[in-house]
Amino acid sequence: MTILESTAANQYDAIVVGSGISGGWAAKELTKHGLRTLVLERGRDVKHVTDYPTGMMSPWEFEHRTQLPLEIKEANPIVSKCYAFYEGSTHFFVKDAEHPYVQEKPFDWIRGYQVGGKSLLWARQTQRWSDFDFEGPARDGFAVDWPIRYADIAPWYSYVEKFAGISGNKDGLPNLPDGEFQKPHEMNCVEDYFQKQIASKYKDRNVIQGRCAHLTEPKDIHFQQGRAQCQHRTICERGCPFGGYFSSNASTIPWAAKTGKMTLRPHSVVHSIIYDEKKGKATGVRVIDANTKKMTEYYARIIFVNAAALNTNLVLLNSTSNRFPNGLGNDSGVLGKYVAFHNYRATISAEYDGFLDMKTEGRRPNSPYIPRFRNVHKQETNFLRGYAAGFNAGRGTYTNQDGIGADLKKNLMNPSWGGWHVGSHMMGETIPKENSTVQLDPNKKDPFGIPQLAINMFYDDNDEKMIKDFHEQFTEMYTAAGFKNIRTRDSKQAPGLDIHEMGGVRMGKDPKTSMLNKWNQLHACKNVFVTDGASMTSTSTQNPSLTYMALTARAVDYAVKEMKKQNL
Amino acid sequence: MAAAFGGLLSLPSWAQQWTPETVAGSPLLSALEESTLADLAETIIPETDIPGAKSLGVPAYIQKIVNDCMDTKAQETLKNGLYTVSDLAQKSSGGKTFSGMDTNQRLNFLNQLNAGADEETKDFFKLVKSLTIRGFTTSEYFQTNINHYQLVPGFYHGCVPVSTGK
Ligand SMILES: Cc1cc2nc3c(=O)[nH]c(=O)nc-3n(C[C@H](O)[C@H](O)[C@H](O)COP(=O)(O)OP(=O)(O)OC[C@H]3O[C@@H](n4cnc5c(N)ncnc54)[C@H](O)[C@@H]3O)c2cc1C
Ligand code: SF4
Numbered sequence: 001m002t003i004l005e006s007t008a009a010n011q012y013d014a015i016v017v018g019s020g021i022s023g024g025w026a027a028k029e030l031t032k033h034g035l036r037t038l039v040l041e042r043g044r045d046v047k048h049v050t051d052y053p054t055g056m057m058s059p060w061e062f063e064h065r066t067q068l069p070l071e072i073k074e075a076n077p078i079v080s081k082c083y084a085f086y087e088g089s090t091h092f093f094v095k096d097a098e099h100p101y102v103q104e105k106p107f108d109w110i111r112g113y114q115v116g117g118k119s120l121l122w123a124r125q126t127q128r129w130s131d132f133d134f135e136g137p138a139r140d141g142f143a144v145d146w147p148i149r150y151a152d153i154a155p156w157y158s159y160v161e162k163f164a165g166i167s168g169n170k171d172g173l174p175n176l177p178d179g180e181f182q183k184p185h186e187m188n189c190v191e192d193y194f195q196k197q198i199a200s201k202y203k204d205r206n207v208i209q210g211r212c213a214h215l216t217e218p219k220d221i222h223f224q225q226g227r228a229q230c231q232h233r234t235i236c237e238r239g240c241p242f243g244g245y246f247s248s249n250a251s252t253i254p255w256a257a258k259t260g261k262m263t264l265r266p267h268s269v270v271h272s273i274i275y276d277e278k279k280g281k282a283t284g285v286r287v288i289d290a291n292t293k294k295m296t297e298y299y300a301r302i303i304f305v306n307a308a309a310l311n312t313n314l315v316l317l318n319s320t321s322n323r324f325p326n327g328l329g330n331d332s333g334v335l336g337k338y339v340a341f342h343n344y345r346a347t348i349s350a351e352y353d354g355f356l357d358m359k360t361e362g363r364r365p366n367s368p369y370i371p372r373f374r375n376v377h378k379q380e381t382n383f384l385r386g387y388a389a390g391f392n393a394g395r396g397t398y399t400n401q402d403g404i405g406a407d408l409k410k411n412l413m414n415p416s417w418g419g420w421h422v423g424s425h426m427m428g429e430t431i432p433k434e435n436s437t438v439q440l441d442p443n444k445k446d447p448f449g450i451p452q453l454a455i456n457m458f459y460d461d462n463d464e465k466m467i468k469d470f471h472e473q474f475t476e477m478y479t480a481a482g483f484k485n486i487r488t489r490d491s492k493q494a495p496g497l498d499i500h501e502m503g504g505v506r507m508g509k510d511p512k513t514s515m516l517n518k519w520n521q522l523h524a525c526k527n528v529f530v531t532d533g534a535s536m537t538s539t540s541t542q543n544p545s546l547t548y549m550a551l552t553a554r555a556v557d558y559a560v561k562e563m564k565k566q567n568l
Numbered sequence: 569m570a571a572a573f574g575g576l577l578s579l580p581s582w583a584q585q586w587t588p589e590t591v592a593g594s595p596l597l598s599a600l601e602e603s604t605l606a607d608l609a610e611t612i613i614p615e616t617d618i619p620g621a622k623s624l625g626v627p628a629y630i631q632k633i634v635n636d637c638m639d640t641k642a643q644e645t646l647k648n649g650l651y652t653v654s655d656l657a658q659k660s661s662g663g664k665t666f667s668g669m670d671t672n673q674r675l676n677f678l679n680q681l682n683a684g685a686d687e688e689t690k691d692f693f694k695l696v697k698s699l700t701i702r703g704f705t706t707s708e709y710f711q712t713n714i715n716h717y718q719l720v721p722g723f724y725h726g727c728v729p730v731s732t733g734k
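In the order they appear, the protein sequences are chains A and B. Per the working numbering, the first sequence runs over residues 1 to 568. Per the working numbering, the second sequence runs over residues 569 to 734.
Pairs of lysine-lysine, DSBU-like flavour, derived with a Cα cap of 35 Å:
1) A:Lys81 / B:Lys697
2) A:Lys410 / B:Lys697
3) A:Lys561 / A:Lys278
4) B:Lys641 / A:Lys95
Worth flagging that the hints you see were computed from the coordinates, not collected in a lab.
Throw the hints in and build the complete structure from the sequences for me.
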């Protein structure tokens, strides 16, 4: 480790840390501008199609017909809680024992460490954020004011939506801006019925089709990426050989590679960012080779940190120097603070006995969505902010399983249609708080000798009130629609399972209270950019990843312009 | 379309179509217990004009799931239950094994067993029955012929009259 391979061969124009949803976009945009870009990824390489070992398997081809073996469950109590972790997808999730962290409070950290990161695993919901989200902290007096508004990011939403391929309806809602949509997925009879019921009974509530990153009408730009129309297989978390949904692996990473400007280096765990006090800027990164544990330095003029929210905090916290003893750019002392997430605890289900002469056919990798309707235009409840919700209706079959022998078999071969069932889950905005933190554990190290991340995130009274309100409002809405046997549930799950952790390196106008300026640039170290979830000042109720993509493309555009002006 | 992509994938060896052979030699059960289990499953879902439990590999599926996916309690329930069945079968039929009985005798025997008071035996029967049903309904035969499973449907129709189609 003493002799560093600090030769010219390690010099690039730009470095990107992480190859997931946001890192993939950074790589694509930087290489587009001709910058020689090094993409550092701690996990292994995952090539589109060839590295999706379960992507074309039918359920009966799995050793346990997709059920998880007990040994895997017991060895992985955390990741086993994730709904998408099953025999067909285990290879894309981080196993509990491999990358330890400290739960100061219970936190189920779900991660994908490989080229593509969690973009292979996500549920692909892509709702834009609106001014009601960006104005939230200023209006309601929490966190700090966002330095940007919807108008700043709107063109960049359009930009990334067109390339990624997003399906949805133009719904014309102020709280959920429309985007560049391909044709929407179909609603079924009961969803359509609920949509009409809610529209007729409430003037401020809407049931719409979810907006999601699936190619329903691929355009030239998608064919150029080698992607094809989504085939509705709904096994996306195994990787899609058609490129039917957006992932870094199917889209941005190969696109960046085609420029000839990208060097992708898997098995490269970024340890820290190097700060040069004489130059007054970051000069590169220290990387531990995951296989040999050898440390190497790589240098570049600008650095994009896209390791996913909490790991980005970790990298910055671990980047200490005389100038920044508490982590890179951390003059304000807010690094690692004000982290937050989404509240997914509450669900509500019911049955409906209409449309018994109708059924659905095929599968759909998407479902309807109910945008936030609480406290949108003004504060009107006893809790701050609000929640959006997923909604879906479906109809299953029922078989009589009594008896044994030929009769039982006959029954199994002749299932009959059961009734319609409906379900919703909340997606609540949680409030970033100063004492909601991630820090470096002073004693515990990970297998690479890097301090473990100690996570201290929690639900508060505001979240409890919101859960109660969700149950009440949806009970009312379900009742109004004539749904029966309404059942509410609070999973009491720990933070983390929502997989929407955000903050810690928040944006803000004032360097004294925030880490990043309106260009996602460290106030105190201008050639380092953070454009993943770590940069979020508040959490909104919408899924966040589309916003990470738009912020990334916008920040690269700015960074390149600044480089041309010799400011970086 | 599926075939076009299929060639590009390198499947792990166990991902080739699963067969009873791939699970042979399970450490859980003796040969006698294995054949008793197989005949139990076949009694629950017999061969008719379409394949039954045995020809669809259900007994091996049950062993695989109990062995790999269930806790030691379930494993003991299975093993003890198979022992009890063999034992009771011999007692009640004057020396015949369960496998030695004809179909009607087996059905009667199992119905009696299930109607009996012994909770452990009932648990055992419930376990074997539910796994037999699951093994049958998740088999390739059932999924493709009855459930019409297709890897690539390519569509979703939200409102189709029940009276049409499959
Ligand atoms: C099951 C599931 C469902 C989801 N559903 C949705 C959804 O519907 N909509 C939505 O918007 N979001 C969803 N998400 C969340 C979404 O996946 C993340 O928000 C998104 O992937 C974050 O992008 P990212 O670039 O910040 O991180 P990632 O995509 O996780 O990529 C980060 C990459 O950085 C690498 N890395 C980390 N540390 C280092 C280091 N020190 N050195 C080098 N590399 C490093 C990681 O290995 C990883 O590859 C879901 C996630 C999951 C798992
Ligand atoms: S639903 Fe679409 S995107 Fe998902 S795996 Fe299937 S084809 Fe691919």
